[in-house]
Amino acid sequence: MATDILYPKVSLETNSGTISRWHVKDGDEVRQGQLLFEIDNDKTVVEVDAPHGGTLKILKPSTSDEIDVGQSVASLFLQGEVISVAPSKPASETTAEQAPEPNEVSEIPASDIRSNTTQTGRMVATPLAKRLAGDAGIDLSQIDGSGPSGRIQKKDIIAAIETGNVLPRQISGKSSASHSDTVLNAVWLRKGEGIPLVLLHGFASDHNNWRGLFAGSQWQQPLLAIDLPSHGASPLEAVADLDAVAALVEATIKQLNLAATIMVGHSFGAAVSARLAARGNIDIRALGLFAPGGLGAEINVGFVENFVRAKSKESITPWLQELVHAKDIISETFLSAVVQQRQDQRLSDAMAAFAEHFFADGTQTISIIDDLASLEIPVRVIFGKQDRILPFKHSRNLPDNVALHAFEACGHMPHLEKRSLSLRILSELANSAR
1 MATDILYPKV SLETNSGTIS RWHVKDGDEV RQGQLLFEID NDKTVVEVDA PHGGTLKILK
61 PSTSDEIDVG QSVASLFLQG EVISVAPSKP ASETTAEQAP EPNEVSEIPA SDIRSNTTQT
121 GRMVATPLAK RLAGDAGIDL SQIDGSGPSG RIQKKDIIAA IETGNVLPRQ ISGKSSASHS
181 DTVLNAVWLR KGEGIPLVLL HGFASDHNNW RGLFAGSQWQ QPLLAIDLPS HGASPLEAVA
241 DLDAVAALVE ATIKQLNLAA TIMVGHSFGA AVSARLAARG NIDIRALGLF APGGLGAEIN
301 VGFVENFVRA KSKESITPWL QELVHAKDII SETFLSAVVQ QRQDQRLSDA MAAFAEHFFA
361 DGTQTISIID DLASLEIPVR VIFGKQDRIL PFKHSRNLPD NVALHAFEAC GHMPHLEKRS
421 LSLRILSELA NSAR
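Numbering of the sequence shown is given in full-length UniProt numbering, commencing with residue 1 and proceeding in unit increments.
Just so you know, the hints here were simulated from the structure itself, not pulled from any lab data.
Keep in mind that the hints are not guaranteed to be accurate.
To be verified - Pairs of lysine-lysine, BS3-like flavour, derived with a Cα cap of 27 Å: (1) Lys155 <-> Lys25; (2) Lys254 <-> Lys327; (3) Lys313 <-> Lys327.
To be verified - Now the in silico label distances, taken between C-beta atoms and shown as ranges: (4) Asp139 <-> Glu408: 33 to 43 Å; (5) Gln386 <-> Ala260: 19 to 29 Å; (6) Gln345 <-> Ser141: 43 to 53 Å; (7) Asp361 <-> Gln386: 19 to 29 Å; (8) Gly27 <-> Gln340: 33 to 43 Å; (9) Ala360 <-> Arg424: 30 to 40 Å; (10) Gly192 <-> Met1: 17 to 27 Å; (11) Thr14 <-> Ser374: 50 to 60 Å; (12) Ser141 <-> Ile369: 39 to 49 Å; (13) Ser374 <-> Ala406: 16 to 26 Å; (14) Ala297 <-> Pro318: 16 to 26 Å; (15) Ser20 <-> Ile83: 37 to 47 Å.
Even glycine gets a Cβ: it sits at the ideal position worked out from N, Cα and C.
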């Protein structure tokens, strides 16, 4: 008996849709796990693959017809079965709850997996996998595909992100999404609808710091990551004070004609975000601050003095491990990326000078307590209780108008150590800012 291939329910709010493209033709012999068709909606690319091998009879070849969830779009006949054409099963006979969830291609024998490049050298990857790899800054040539013919799929990218087994395409420098004509280097990590999140990294980091948080997520709003001065691909000239840094970020945002923003910052970038909001020169609707600096004088002096001086894998590793509660968060990829960054001596010198200025004599010379107290917008602070860079006790200095999320078993990188919860908090913050 033929297997009905049903139009899947791709989200809670959809009851119908269209097929964007068929990857097979009517009458084709297909293998288990082979990609049959794709559905593009405003959130993602959904792939539907063959539940088993056989001959495919397509019932809905059009890419323009509206199809109800649960309606048959094709029939899959086992080898030797008589192929007959039956009317497409109406959606009323299959409830939305019975409609299959779209899935990734099933595992196939290793003998069926071939190189994931074509004869011309082009990488073979599903559109969704390409999109996720782009979001994460992953070079597809480093990924072994698990699909038919070595095709790279969503689960391959997610596994690479979670295990840290690949290097980003770039550690610093201008990317294709960078804006070379702005005051500071600005990179669109994602385009979308709604108020953009402007992301500011912390000391001795760059815009790539945010890729791990959003990679593989269903985040819909635009994401713009900016390199702070003396960091990443931004100018390496010294800046006078926190207001001077804020002014450079303001100028960059204005150059990009962003009408309104939600500022999200980590550590020193969080302090800059708070100062931006207090200055009131740009329309900031909400603040999300991860392990913010500027709430007290103390800082891990050893980290500040030695992290940017360290050049080798052996000398960098212990300082990276200071950033997190669980050491396994620091993957070989993360470590290799920092080692690669340290080969740029001009950048290392600029970051060291930055630290000497803003963390003079082992002290945070900035404060954002009054800045936060002056705000009338939603503000969420996310702090790890086991932070070894900035002590958690600084959170006691937060003013009454600021909400605090205190993460247990978490260090200085809550956005990477507690990704799911961090994304949920940012989603709530974004919704409150509409």
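Do the hints match the structure? See the list:
| no. | hint | in the structure |
| --- | --- | --- |
| 1 | Lys155 <-> Lys25 | holds, 25 Å |
| 2 | Lys254 <-> Lys327 | violated, 39 Å |
| 3 | Lys313 <-> Lys327 | holds, 15 Å |
| 4 | Asp139 <-> Glu408: 33 to 43 Å | holds, 35 Å |
| 5 | Gln386 <-> Ala260: 19 to 29 Å | violated, 35 Å |
| 6 | Gln345 <-> Ser141: 43 to 53 Å | violated, 29 Å |
| 7 | Asp361 <-> Gln386: 19 to 29 Å | holds, 26 Å |
| 8 | Gly27 <-> Gln340: 33 to 43 Å | violated, 51 Å |
| 9 | Ala360 <-> Arg424: 30 to 40 Å | holds, 37 Å |
| 10 | Gly192 <-> Met1: 17 to 27 Å | violated, 43 Å |
| 11 | Thr14 <-> Ser374: 50 to 60 Å | violated, 43 Å |
| 12 | Ser141 <-> Ile369: 39 to 49 Å | holds, 48 Å |
| 13 | Ser374 <-> Ala406: 16 to 26 Å | holds, 23 Å |
| 14 | Ala297 <-> Pro318: 16 to 26 Å | holds, 24 Å |
| 15 | Ser20 <-> Ile83: 37 to 47 Å | violated, 26 Å |
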